[in-house]
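Enquirer: Kindly produce the complete structure, drawing on both the sequences and the hints.
Residue-level listing of the chains:
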Amino acid sequence: MDTTTGFPHRHLLGIEGLSPADITWLLDRADGYVDQNRRRDKRTALLRGRTVMNLFFEASTRTSASFELAAKRLGADTINMPVAASSVKKGESLIDTATTLNAMHPDALIIRHPDAGAAHLLSQKVQAHVINAGDGAHEHPTQALLDALTLRRRLGRIAELDVAICGDVAHSRVARSNILLLQAMGAYVRVVAPPTLLPAAIERMGVEVFHDMKAGIAGADVVMILRLQLERMHGSFVPSTREYFHFFGLHDVALAAAKSDVVIMHPGPMNRGTEIDSGIADDTNRSVILDQVELGVAVRMAVLDALLGETELEMEAAP
Amino acid sequence: MTTVFRNARLLDPASGLDAPGGVLVEGKRIAAAGAGLFADAAGLPEGVAVVDCQGACLAPGLVDLRARIGEPGEEHKETIETASIAAAAGGVTALAMLPTTQPPVDSVHGLEFVARRARTAQRTKIFPYACLTRGAAGEQITEMGLLAESGAIAFTDGNHAVADSLVMLRALSYATAFDLLICQHPEDPRLAAAGVMNEGEVSTRLGLPGIPREAEAILIERDLRLVARTGARYHIAHVSTADAVALVRRAKADGLKVTCDTSPPYFALTEMDVTDYRTFAKLSPPLRNEMDRRAIVDGLADGTIDAIASDHDPQDTDSKRQPFASAAIGGAGLETLLPVALDLYHNGHLSLLDVIGRMTAAPARILRLELGTLAPGAPADLIVFDPDRPWRIDADTLVGKSRNSPFDRRLTSGKVLRTVVDGRTVHLAESP
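Taken in sequence, the protein lines are chains A and B.
Under this note's numbering, residues 1 to 319 are what the first sequence spells out, in order.
Under this note's numbering, residues 1001 to 1432 are what the second sequence spells out, in order.
Hints were generated in silico from the structure; no laboratory data involved.
Heads up, some of the hints might be wrong.
Restraint-style ranges between C-beta atoms, simulated for each label pair [unchecked claim]:
| hint | chain 1 | residue 1 | chain 2 | residue 2 | range |
| --- | --- | --- | --- | --- | --- |
| 1 | B | Ala1177 | A | Thr241 | 45 to 55 Å |
| 2 | A | Arg48 | B | Met1291 | 48 to 58 Å |
| 3 | B | Glu1112 | A | Ala59 | 50 to 60 Å |
| 4 | A | Asn102 | B | Glu1370 | 49 to 59 Å |
Quick list of in silico lysine to any residue cross-link-like pairs, SDA-like style, CA-CA up to 20 Å [to be verified]:
| hint | chain 1 | residue 1 | chain 2 | residue 2 |
| --- | --- | --- | --- | --- |
| 5 | A | Lys125 | A | His105 |
| 6 | B | Lys1320 | A | Arg204 |
| 7 | A | Lys125 | B | Arg1278 |
Just so it is clear, the structure is predicted and the values come from calculations on it, not from any experiment.
For each residue, glycine too, the CB sits at the ideal point set by N, CA and C.
Expert: Next comes the structure, spelled out in structure tokens:
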């Protein structure tokens, strides 16, 4: 295998397993696609003749659109399979669908699924490259990559940044992927949440834990607000959204504790007034939320390039 | 028909015997067993069948405290017939069958059906449990007296804990009238409800909802108070945490009539075996951490944990080939019980006699069965095994109907060479 160029992985199942060099390679490649996406003609022929399937077992607007655009701009044929998790029994349909789709010779399968490990399972059953677009509360690697690209372009580096991830870490795949990526690239990560929204032993992932919003964001370079995933709340994790916003939302009172030039991020979709104040979200001096969306397409192009682009030939030639 | 087993290392945990010797079987029963018996091949009685054990171990057949069989209701996973084949291959000559079938065994006619089917099993003796509550729903107690009269060996709701404290109090209290054994799955169902594996760093990294370890200790603590009040015979199934071992140790010191068992996954595996979303390692209770695993070993070594059960729970491939959270719970265990348990001996934690005792004399005592012994007059349920023969467990070569072994590809030492039930050889291993 050629180790000087390219990306030595068959699938992108998570940030776990990626080296800093892999991450840097993807971010560098994505930087180039940012420029391409701002041109009048956004399309290249890199993946002409390749088929990319979007397999979403969970509702998604931005991520599926972002992947679809990314594939189209690289010249691939794309197809969206919105597999509603409610209409078929979970899991059974995953294997059945995978086997069926595999017979159609897709080159890449992009999967989002409510169960952690679904992308791993799929990757064992198909010949196509598998890209994890979010599996349960496990990982969402392209989100972490686009967050990293946003930070690198805005602040010039990731190493030694002080990043506070705030909110529903327990149910968040975005949080896990970001913790892994930011730490791999040398950043310092804290998490800020009520104890009920933190998973067990989260400190074992090397993060500093705060239960106080002001203390948690004081001195941070970046504040990453997570969506309060109301649809996943099976029990009473927080007493009310009102109380949550008061103590753990990002509003002017909390923000006063942060550095004046703090960068504010949110993976979307936002619950305005629940985890983030509307005015703060729209303050383009500090909020990079729309940059995240823009760079998401570039990052996904880089991932498709990494797995399906010219480097694939070298990978397949390897024994 | 008379058979002589000679040239064996006799292991009889019930009497503490561990010595070279032989066994004389007449018909279905043991006529004599002892050190030095039939040492001289020349002095054998005429007209008897002779089995030369060639120095291998000869012990009572294993008595399995707990196995789930798919019949009735899930015959595609395991039938009584296929389970008995697997049992014979694993040296299990008697097993207690969980009542959580479909439908559950919670009525006299259900029990009689299962008991009748069980008698058709040629290779192992099957003793049915009955449900402790109707439908194993945890609300109303079953006709425990009538079920016991019809042959229920003990009462349990399988892998459903009786969560309601009042129901459990009444069940324990009522059971004392008939001196019945109640067996509990120790897990607070509300604490465990959302979880699919042990809660901790591993579950956090995998993004899987965890079951807090306290779920086990909380239910055991509650039950022990009810047992102290009622004086009922109470058995805790598959303890998996250090906290549970400590609780049982103290309860026994306090003189409570409590026994417990564990099963091989809890002293041989940990939650690390779940990484990569390995659904074959999805069990109930979930695999715990290394500290717990060591505490289980210690509990076995000091006798706090009385017995080792297979916890056999057959699941077909389709129900395991799912994303982890959706995959079926349980592992096939009959065929791997002995070799994995022998790790305890090979690693120096228990003597060979004690390991065998945890799977013979101890479960027989808990279930009050006249089994698990080489005493003259006992049924001739025997195994011949080589504790040192290497065996790489290969799920694909297991003889049971479901091959969902959490021990797939594990290298073990110990193999059952021959299994004898009522004097009849029901399993003979191929020569190495």
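Enquirer: Does each hint hold? Answer for all of them.
Expert: Each hint tested on the structure:
1. In this structure the hint that alanine 1177/B and threonine 241/A lie 45 to 55 Å apart at CB holds, the actual value being about 54 Å.
2. Separated by about 56 Å at the C-beta atoms, arginine 48/A and methionine 1291/B satisfy the suggested range of 48 to 58 Å.
3. Distance hint check: the CB atoms of glutamate 1112/B and alanine 59/A are about 51 Å apart, consistent with the given range 50 to 60 Å.
4. Between asparagine 102/A and glutamate 1370/B, the C-beta spacing of about 57 Å keeps the proposed range 49 to 59 Å intact.
5. As the CA atoms of lysine 125/A and histidine 105/A are separated by approximately 13 Å, the hinted pair is consistent with the 20 Å bound.
6. A C-alpha spacing of about 30 Å is found between lysine 1320/B and arginine 204/A, which places the hinted pair above 20 Å, so the restraint is violated.
7. In summary, the hint linking lysine 125/A to arginine 1278/B is supported, as the alpha carbons are separated by about 15 Å, within the 20 Å threshold.
Hint compliance for this structure: hint 6 is the single one not met.
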